[in-house]
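Listed below, chain by chain, are the residues.
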Amino acid sequence: MTTTSEPRPVAPPVPRRSFGKWFRDKGWRHLVGWVALAFALFPVIWIISASLNPLQTLTSQTLIPDEFTLENYRELLFGDVPYTNWYINTLLIAGGASILMTFMSALAAYAFSRMRFRGRRVGLMSVLLIQMFPQVLAFVAIFLLMVQIKGVFPSIGLGTRLGLSLVYLGGALGVNTWLMKGFFDTVPKDLDESAMVDGASHHQVFFRIILPLVAPILAVVFLLSFIFLINDFVLADAVLGQGSPEDYTLSVGLFRFLNDQFNQRWGMFAAGSLMAGVPVVILFLFLQKYIVSGLTQGAVKG
Amino acid sequence: MSDRNPADGDDASTDSVSTAEGRGDQTPRPSRASAGMPTWGLVLKLLVLAAVNGAFLAGLPTMLENQWWTGLAVAAMAVILLDWAYLTKKNIPAKYLVPGTIFALAFQVVPVVYSGYISLTNSSISHRLSEQQAIDNLTSRVSNVPGTTLYQLAILDDDGELAFYLIDDTDEDFLGTTEGLEPLTDDRVETDADGDVIAVDDFVVLGLGDLADRQDEVLALEVPTDDGAIRATTFSSAAVYESLYSYDEATGLLTNNDTGVVYEPIEGQFTAADGSTLDPGWQIFIGFDNYVRVFTNDAIRGPFLQVLIWNYVFAIGSVALTFGVGLALAIALNHPGMRGQKIYRALLVIPYALPSFMTALVWAGMLNQEFGVINKLLGADIPWLRDPTLAKVSVLMVNTWLGFPYMFLVCTGALQAIPDEMKEASYVDGASPRQTFRRIVMPMLMIAVAPLLIASFAFNFNNFNVIYLLNQGGPPIEGAATPAGHTDILISYTYRLAFESGSGAQWGFASAIAVLIFLMVASVSAISFRRTRALEEIV
Amino acid sequence: MRSKRIAWFALFMALAMVVAACSSDSGDTTTTEGDTTTTVAAETTTTEAMETTTTAAGGDTTTTTVPVVRADADLVIWADDTRTPVIQVFADRFAEENGITVAVQELGFQDIRDRLVTAGPAGEGPDIIIGAHDWLGQLVSAGVVAPLDLSSVEGNFSEAAVQAFNYEGAIYGLPYAVENIALVRNTDLAPDSPATFEDLVDNALALQADGTITLPLALQENGNGDPFHNYPIVTAFGGYVFGTNADGSYNPEDIGIDSDGGLAAAEYFGELSDQGVISIDTLYDVMIESFSTGQSPYAITGPWALNAFDEAGVNYVVEPIPSVNGGDPRPFIGVQGFMVSSFAENPLFASTFVLDFMATEEAQAALFEAGGRPPAHTAAFDAVAADNPNVKGFGEAGQNGYPMPAIPEMGSVWQAWTDAYALIFTGTDPAQAFTDAADQIRTLIAEG
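Residue numbers (my numbering), protein chains in the order written: chain C, 1 to 302; chain Y, 1001 to 1539; chain Z, 2001 to 2448.
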């Protein structure tokens, strides 16, 4: 680790607190944090309030409801709606697919970062450009594709959760590959080159040297993929939308709540969305140490 | 520096592809000696490969039978790629690229190619079927001959041959076969204890459940009479029908049996001599007509420029704002001694963690002029979504809210990648924190983030959902040639034309628009990439 | 070295063949699933549907209470969440009586239409859908619905409802409900039925002036403008959306939004908005809320809103909208019904279910109980209307209504007309707004 005698720009030891000094060092950070939280959370508080409000309308609601009720939550968790099924489906599909996506993306990023081969630049460009195509017919195209797949391999075709996971893997190469490649590029090449000289093979370098070093970005990419998949509606609806309600993901199930304009269930919808956000926040809390802690520094030195 | 991969041509390392057992070993010693024993890594690899190859072989007959050539091509390509990458010892980059590529091929490239193909067809709500499907649809149209009898019906079966048992409104019963209608005498009809008919001659009465796979047979059974053919209406009733159209396969012409008008297949639709057409038509290849139409369409040209300018403002503004806010927060909260960082960070991710179609709608409610909470709290009557300028500000604000956590996460992660040594070295050289940030941190950060900014631009350029959910593109532009709103972006505006004008959804036209917008965005992105390439070469 | 490679290759091929053999086994059972196979085979091939497959294949008499993907039931019905439970009851009965399997799949109402167009031709669609008559233009030109011969039951239904399902000379659906909007009046705040719309406005403004209420007329405008809810007032001035041909069908060449009547109506909407009688901010929620809480003495809405009013315990009556400017307000009439897909796997089951099971008074009354829309079945309507004044009120209000145009050109109308209202409510010259809207619609139709 760094020695204390070196100037530490990030955490200079402050022996005594004067407010001015504290503010210049940390206080303004808290100020920024609070302002950001106000901006970020105001609508969320509004949603929380809606979820506790017995009135099922959005516009008539006040910030502090006249009465509080947990009925919306109770109805979702123990009522007729298969909300818990959606929840489990979403965690399984999004969790499984984002682990694989992160892994495949890391594999590709390694190749793009460390190897030079024909078509590298074209490949890099393509993975990004392909995702820029407007998704107007994505619904139709994916639907027809899954119908065909169902005809050949019923267990991964239309209406199956496994099929949806595979569709998601199609997005493994993309922006996230770039994000990782950028990160990989900052890991000094001497590290793997010296390992190679010592006789390590490319996959040993990848698994044992590179992957531990890039843990922060793996965590970031995993989290981003997970959030993206939890929120995905178009693909999930195309694949699962006319299957059994028990097989829905959260976004498909919740969207159906809103679909009938004469049957608005804002409170339940709000409660359902809030609970959908919980795993993400927990996951983030859990991953934070990988994302934030200075792994790079330690490992580089070691 | 050599442009070659350090592993390339390295005998020891390439050979160790087949000796994965060294993985748990602290000092990897690839040795040819150990290659004789199958290791778990190798077995796993072979199992997966075998599974994929086996699945392909298993699916092959069905794919051939279904004539699903796209699937066959993609599947074959996938299998060949996999085997090539993992069963040979060269092609090391391929071993890392193939898994993701295969999925991208199947679920990204195929849909895009499909859109491209559709853009070259006349695909629309009335040209969605294949020619055969359209012909079947038209020739199956029958109409009840007015003034004829309605029959009660039981369906009879004699070893696979179907017939009708019919009772008319005067209680006379008949046997109906393809030969015609034959009056029945009581001795030929067998009834059960309840008086229900159970058999006629050698025919037995079928239950509805017996017909699950024989519907087409029943519906195809026509009992000829002088007025028309008796056909089943339901399982228990029949009536006299005449076909509306007859199709002559030899000439390809369709004739209306009622009026005698002859229809000729022209441009994917049956067309009469007077130019009138029959729906449904069918999908045909029309080359670049849809593209020509985009450029010559008066409706599109209307408010095009205004929409295009706002589209750029929106996309660039969204990227700048989300990145600016995200980066500022990432820096502010990136301080080892700061208390509560974890909580701040976790809470700041929440806007991103909630389903965006929900939060966009919540924002729309909050910004409502009369009932929205924002105006209520401010005690004001501000037309957030009604005034053209304010609406644009609101859209950008909401999109910033939706998107800044993404940039915050990315920047937080990317900041960790910058080795403290580099910053420290800069301090040692006497640079101030600000200079260090500008000269060291920012350029390093941009290497990782620049491609994301470009991708974010492309995403927001086509961010239909936010525009649509928040304000449906409104407020409307006064006096526009076609309905358009001040916050409409190209994609929301043109899709409305493609899906709401004339006779309804026109997928061919919409796809052509999508391709053109893609070309536009892709070229902007490609140009931007030339700059990031320069950046990349620095390191 | 060489021999080792060959050995590896042999091992690999062997593994491949094993996997191929295993998976082709399950492939075979799939293809025979349609025949009368054993329960076991059906279960192994539908592992992905897992716990939801409660059905046995073949001639078993169990019904799927939970639908799985298409082809797991002999008859598949798509319905929305309001109608699904009712249809399920009859579907179960149909399945039990005939020893077949029936699945009712719940989709969003608009979703049914959009998905049928894609799923039908792909072989993944249902046999029967419920839907609105004004979808016919799209569904028929897409070739996804089949004509239905109603001759045996036609006499039991309101003629107007049956005719609504007539598209270009053929009938495509069995109606079950007729819906239109009407005036809903709070009898505590406004005890007397207004003789004219002008009386209504005066009365409402007086109530607002003395602080009794806040919103004079709860007319849904959805934040932009709502051509559907505004239509009765437009027609009272002589405005119209499409003119009619001699045979009663709509003529898309004749757009009446900028006719003299249409422009007069536009001016009147400008007045109503300026006086604060109606508000652009009246979303569906707001309409419900303000009428339920007595903040609005009048609402113009349809049967779908009554549940909320009843729950709030407000006293009200449903009656026709009174004459505006001396003219009769005529609402759009929407008819909902059952349609049979032209890609139905079992069209005979479908027509049998629709005509023998859902055309009965009992079924139609049950659908009324669920959705609150007046039944299209005459006897069911009479029975319901006899002890339900609301149904009677909506029925009277719809007497002189116009069926919602089913022609595809109607798709070009909504956005343009909505925009025109939004502009009027935010201060644009009303006549200009309607003239622009009519021009936009003509452009859109011409470009289609």
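Fair warning: there could be bad hints in the mix.
[To be verified] Here are a few chain Z residues that face chain C, going by a calculated C-beta distance under 8 Å:
| hint | residue |
| --- | --- |
| 1 | R2093 |
| 2 | Q2105 |
| 3 | G2108 |
| 4 | T2118 |
| 5 | A2122 |
| 6 | E2124 |
| 7 | D2188 |
| 8 | L2189 |
| 9 | P2191 |
| 10 | A2370 |
Hint data in this document are derived by calculation from the structure and do not stem from the laboratory. Since this is a predicted model, take the numbers as computed values, not measurements. By construction, the Cβ of each residue, glycine as well, lies at the ideal position given by its N, Cα and C atoms.
The hints, checked one at a time:
no.	hint	in the structure
1	R2093	violated, 21 Å
2	Q2105	holds, 6 Å
3	G2108	holds, 3 Å
4	T2118	holds, 6 Å
5	A2122	holds, 5 Å
6	E2124	holds, 5 Å
7	D2188	violated, 20 Å
8	L2189	violated, 19 Å
9	P2191	violated, 26 Å
10	A2370	violated, 12 Å
In the structure shown, a violation is registered for the earlier hints numbered 1, 7, 8, 9 and 10, in ascending order.
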